[in-house]
Amino acid sequence: MEQLREEDQVSMTIENPEMLFSSDSEAESSNPRLEHNFRLFKTNGMIKLEENDKEHGLIKSGFITCMGPLAKEVEVVAIHKNSCSTILGKARLEAFRIFSEAVREKCNGNANIKYAWFGSSKEEICKIISHGFSRTTEAKSGECFGIGVYLYPANIDGVLSTVEDENGLRHMLLCRVILGNTEVIPAGSTQSQPTSDSEDFDSGVDNIVAPTRYTIWGSHMNSHIFPNFLLSFSFRLGNSSKINKVPLKGTPRIKFPDLLRALSQFLHPSRMALISKYYEDFQRNKITKLVLVRKLRQIAGDTSLKAVMKLYPYKDIGNKSLLLRCKGM
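Residue numbers (UniProt numbering): 1 to 329.
Be a bit skeptical, because a hint or two may be false.
[As the list claims (entries may be wrong)] Simulated pairs of lysine-lysine, DSSO-like, Cα-Cα distance not exceeding 30 Å:
(1) Lys255 - Lys295
(2) Lys127 - Lys90
(3) Lys81 - Lys48
(4) Lys90 - Lys42
(5) Lys81 - Lys42
(6) Lys42 - Lys106
(7) Lys60 - Lys90
(8) Lys106 - Lys60
(9) Lys277 - Lys289
(10) Lys60 - Lys81
(11) Lys106 - Lys90
(12) Lys72 - Lys295
(13) Lys90 - Lys48
(14) Lys42 - Lys72
(15) Lys42 - Lys127
(16) Lys122 - Lys42
(17) Lys106 - Lys54
(18) Lys122 - Lys90
In case anyone wonders, no lab produced these hints; they're calculated from the structure.
Starting from the given sequences, assemble the full structure and let the hints guide the process.
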């Protein structure tokens with residue numbers, strides 16, 4: 001990408017930064033709608049852990065610590081554990097045990113079982129704990145690392161996959177995952193099964209040395225993944241935003257390169273490459289400002305954008321700017 005000129009920098013303007021951190025609803029245990037959500041979890045064999053429970057403390061502490069710069073903005077509302085008390089729950093646990101033994105034998109005594117996070121909407125999470133995984137990740141240009149189920153060693157990498165529900169909560173499953181022998185799946189790959197026909201590989205990773213994403217193939221998604229815990233949390237940053245193109249004078253701004261550097265702490269390199277590509281297209285007048293803004297929000301997500309706006313200083317710039325006003329954040 002061509003080096004950006006100072007006069008061509010894109011800036012982001014916030015009408016009222018304090019609006020970023022306000023919330024219209026509080027996630028309180030006394031909320032009847034919250035209790036209804038939790039009843040849905042409980043009917044599928046999930047039991048709510050008390051705050052003084054040792055497992056609750058360990059999971060909560062690990063979750064918040066791994067959120068890095070977002071740690072102070074996260075509130076863990078509830079943690080549920082899979083009790084495996086239903087008939088199907090017991091069957092899934094036994095199936096996971098059998099496949100663990102099979103992969104362990106195939107891989108010379110090491111099934112390579114890890115804990116990993118899976119984020120999605122409340123509706124999808126409910127379907128998974130009730131019926132198991134039913135769909136793989138759809139391929140998207142530059143974002144796909146094979147067609148399968150994506151899980152993340154660090155919860156902060158999976159947060160972008162979560163969807164805020166009607167109560168302002170997001171939900172993530174902490175799963176045990178049978179990785180076996182792993183192979184590198186490059187960004188943009190639409191691979192849907194192991195490369196080797198001789199079953200040399202069992203799963204995919206984005207980096208063989210320090211993976212940040214696991215890809216479990218569709219054929220393995222209900223045998224190699226076992227949801228152990230369900231964590232429900234909220235962000236104090238506020239609700240989803242509506243970003244409009246409005247030039248305002250005398251308001252805080254952030255240069256686009258500064259925004260890119262800040263976002264790189266939250267997003268995978270493949271997502272950063274996509275954002276850079278769209279900005280280059282904007283610089284060359286191939287796309288409009290509005291399209292660039294939409295692409296930025298789609299790829300980065302409001303959670304990361306709001307975090308960056310709070311955690312990084314705003315700097316004013318000169319000419320030719322893309323100005324955004326964030327309402328309702």
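Taking the hints in turn, this is what the structure says about them:
The suggested pairing of Lys255 with Lys295 holds, with an alpha-carbon distance near 17 Å, which does not exceed 30 Å. For the hint linking Lys127 to Lys90, the alpha-carbon distance of about 17 Å falls within 30 Å, and the restraint holds. Using a Cα cut-off of 30 Å, the hinted pair Lys81 and Lys48 holds, with the two alpha carbons roughly 6 Å apart. As the CA atoms of Lys90 and Lys42 are separated by approximately 15 Å, the hinted pair is consistent with the 30 Å bound.
Pair hint Lys81 plus Lys42 holds up; C-alpha atoms about 9 Å apart against a cutoff of 30 Å. Simply put, Lys42 and Lys106 have alpha-carbon atoms about 36 Å apart, too far for the 30 Å limit, and the pair is violated. Restraint check: the Cα-Cα separation between Lys60 and Lys90 comes to about 26 Å, which is no more than 30 Å; the hinted pair holds. Only pairs whose Cα atoms come within 30 Å are accepted, and Lys106 paired with Lys60 is rejected, the gap being roughly 35 Å.
In summary, the hint linking Lys277 to Lys289 is supported, as the alpha carbons are separated by about 14 Å, within the 30 Å threshold. For the given pair, Lys60 sits about 13 Å from Lys81 by alpha-carbon distance, which is consistent with the 30 Å threshold. For the hint pairing Lys106 with Lys90, the CA-to-CA distance comes to about 24 Å; that is within 30 Å, so the pair holds. A distance of roughly 28 Å separates the Cα atoms of Lys72 and Lys295; the hinted pair therefore holds under the 30 Å criterion.
Using a Cα cut-off of 30 Å, the hinted pair Lys90 and Lys48 holds, with the two alpha carbons roughly 18 Å apart. With a C-alpha separation of about 29 Å, the suggested pairing of Lys42 with Lys72 holds against the 30 Å cut-off. With a CA separation close to 13 Å, the supplied pair Lys42 and Lys127 stays within the 30 Å bound. Note on Lys122 and Lys42: the hinted pairing holds, with a Cα-Cα distance of about 14 Å set against a maximum of 30 Å.
At roughly 35 Å between alpha-carbon atoms, Lys106 and Lys54 are farther apart than 30 Å, so this suggested pair is violated. At roughly 23 Å between alpha-carbon atoms, Lys122 and Lys90 fall within 30 Å of each other, so this suggested pair holds.
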